[in-house]
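Q: Let the sequences and hints guide you as you build the complete structure.
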Amino acid sequence: MTLLAVTFFALMAFGLPIAFAIGIAGFSFFATNDIIPMSIGVQQVASASQSFPLLAVPFFVLAGHMMNRTGITSRLINCSNVLVSWMSGGLAQVCIVLSTLMGGVSGSAVADAAMEARILGPSLIARGYSKGFTSATIAVGSLITATIPPSLGLILYGFVGNVSIGRLFLAGVIPGLLMMVGLMLTVWLISKRRGYRPEMAERPTLRAVGRAMADAKWALLFPVALLFAIRGGLFTPSEVGAFAVVYAAVVGFLLHKELTWAAVAEALQEAVVDTGLIMLIILFSGMVGYAIIFEQAPQTIAEAMTQLTTNPLLVVALILIFLFIAGLFVESTVLVLLLTPIFLPIVTPLGVDPVHFGILMMTIVTLGSMTPPVGVAMYTVCSLLDCPVEEYIVESLPFVGTVIALVAVLALWPGLVLFLPNMLM
Numbered sequence: 014m015t016l017l018a019v020t021f022f023a024l025m026a027f028g029l030p031i032a033f034a035i036g037i038a039g040f041s042f043f044a045t046n047d048i049i050p051m052s053i054g055v056q057q058v059a060s061a062s063q064s065f066p067l068l069a070v071p072f073f074v075l076a077g078h079m080m081n082r083t084g085i086t087s088r089l090i091n092c093s094n095v096l097v098s099w100m101s102g103g104l105a106q107v108c109i110v111l112s113t114l115m116g117g118v119s120g121s122a123v124a125d126a127a128m129e130a131r132i133l134g135p136s137l138i139a140r141g142y143s144k145g146f147t148s149a150t151i152a153v154g155s156l157i158t159a160t161i162p163p164s165l166g167l168i169l170y171g172f173v174g175n176v177s178i179g180r181l182f183l184a185g186v187i188p189g190l191l192m193m194v195g196l197m198l199t200v201w202l203i204s205k206r207r208g209y210r211p212e213m214a215e216r217p218t219l220r221a222v223g224r225a226m227a228d229a230k231w232a233l234l235f236p237v238a239l240l241f242a243i244r245g246g247l248f249t250p251s252e253v254g255a256f257a258v259v260y261a262a263v264v265g266f267l268l269h270k271e272l273t274w275a276a277v278a279e280a281l282q283e284a285v286v287d288t289g290l291i292m293l294i295i296l297f298s299g300m301v302g303y304a305i306i307f308e309q310a311p312q313t314i315a316e317a318m319t320q321l322t323t324n325p326l327l328v329v330a331l332i333l334i335f336l337f338i339a340g341l342f343v344e345s346t347v348l349v350l351l352l353t354p355i356f357l358p359i360v361t362p363l364g365v366d367p368v369h370f371g372i373l374m375m376t377i378v379t380l381g382s383m384t385p386p387v388g389v390a391m392y393t394v395c396s397l398l399d400c401p402v403e404e405y406i407v408e409s410l411p412f413v414g415t416v417i418a419l420v421a422v423l424a425l426w427p428g429l430v431l432f433l434p435n436m437l438m
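So for the sequence shown, the numbering used here puts the first residue at 14; every next one is plus one.
Accuracy of the hints is not assured; some may be wrong.
[Claimed, not checked] With a Cα cut of at most 20 Å, we get these calculated EDC-like pairs of lysine to aspartate or glutamate:
(1) 230 with 279
(2) 270 with 228
(3) 144 with 366
(4) 205 with 215
(5) 144 with 215
(6) 144 with 403
(7) 144 with 404
Calculated from the structure, these hints are not laboratory results.
A: Here it is as structure tokens:
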């Protein structure tokens with residue numbers, strides 16, 4: 014097990030792509046093991062792909078790329094602008110609300126952050142918002158997509174941990190909305206202190222709000238339709254992914270009439286690249302996961318933790334601290350695939366609901382994408398807006414603190430996470 018970890022981090026340090034670092038580390042374990050033949054490792058790579066729920070990944074990735082070409086993004090921006098631009102820091106508030114609405118469309122924090130940085134970032138800077146504040150608002154705000162359905166991270170967690178994806182989707186709604194409120198409050202407090210003015214002098218009328226929401230109705234109905242389709246038993250999570258693609262095509266071609274065949278071809282090309290990257294990580298992670306279980310890593314870690322404490326809350330707190338530190342250095346998808354088989358068997362016997370733990374885990378590991386030293390969303394936004402990373406780090410501290418405080422609240426009151434899945438399923 015030590016060799017596996019050392020090999021993986023050594024390859025990562027040399028700049029090898031994550032998928033290949035996982036694959037080489039996994040093969041090195043089987044190559045140096047006297048008990049398990051190499052053929053078992055190859056079988057694990059193949060068997061990792063033999064899963065029907067995994068079909069949800071390429072479908073939702075393709076649906077997200079198609080949605081971005083249907084005119085939905087511009088309508089959501091207009092809707093967000095009408096709803097919150099009258100507040101202090103109006104345009105920054107729009108970024109937070111847009112992340113919440115886009116979470117039901119893209120399912121990817123990095124994709125959401127990149128889109129907002131291109132579209133809203135220059136406008137924020139032109140209106141006097143500092144580059145660091147703009148970048149922090151966009152990058153950390155995109156974290157909302159980690160919980161709002163359809164989150165790709167929750168799909169992978171449900172696949173690896175054998176947890177109901179439908180319950181995970183429902184469980185992510187309230188935490189996602191609470192995160193939106195918390196980040197909006199943070200933006201409001203900072204904007205009040207710095208004098209960032211609202212974009213609108215007066216609050217919008219009910220008619221204006223209704224008109225904006227009606228214009229964006231197909232985007233707003235999308236996550237609702239997904240949840241009710243799963244809850245009503247119409248589709249499995251994998252079939253809902255296929256439904257999402259059909260929904261995007263119908264909205265783009267027939268309702269908004271902005272989707273073209275050339276745009277579909279571009280969406281397919283981008284989806285193939287993204288899916289290939291994700292699936293390569295998943296396949297090689299299957300081999301590493303087998304090695305982790307063979308070496309009894311969950312049992313060893315569980316024994317070490319229970320020697321420290323048997324209090325479920327403290328065990329979860331220790332795990333979340335470890336995940337936060339790990340998320341600073343390793344991409345969230347990798348952590349979900351590698352660490353879910355380790356930590357889920359530890360917390361479940363202690364009475365921690367796997368759905369509750371999944372929401373906490375996804376929020377913390379995705380936060381690593383917004384923090385140094387290897388935050389993907391952080392570097393994406395900073396590069397697009399030409400923002401020094403040092404300035405971003407300082408400005409992001411209040412936002413990161415808000416997220417950590419929210420995670421603590423969700424850990425202490427699991428009912429906030431489990432209310433919807435328990436009520437509807």
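Q: Compare the structure with each hint and give your call.
A: For each hint, the structure was consulted:
no. : hint         : in the structure
1   : 230 with 279 : violated (25 Å)
2   : 270 with 228 : holds (13 Å)
3   : 144 with 366 : violated (41 Å)
4   : 205 with 215 : holds (17 Å)
5   : 144 with 215 : violated (27 Å)
6   : 144 with 403 : holds (11 Å)
7   : 144 with 404 : holds (8 Å)
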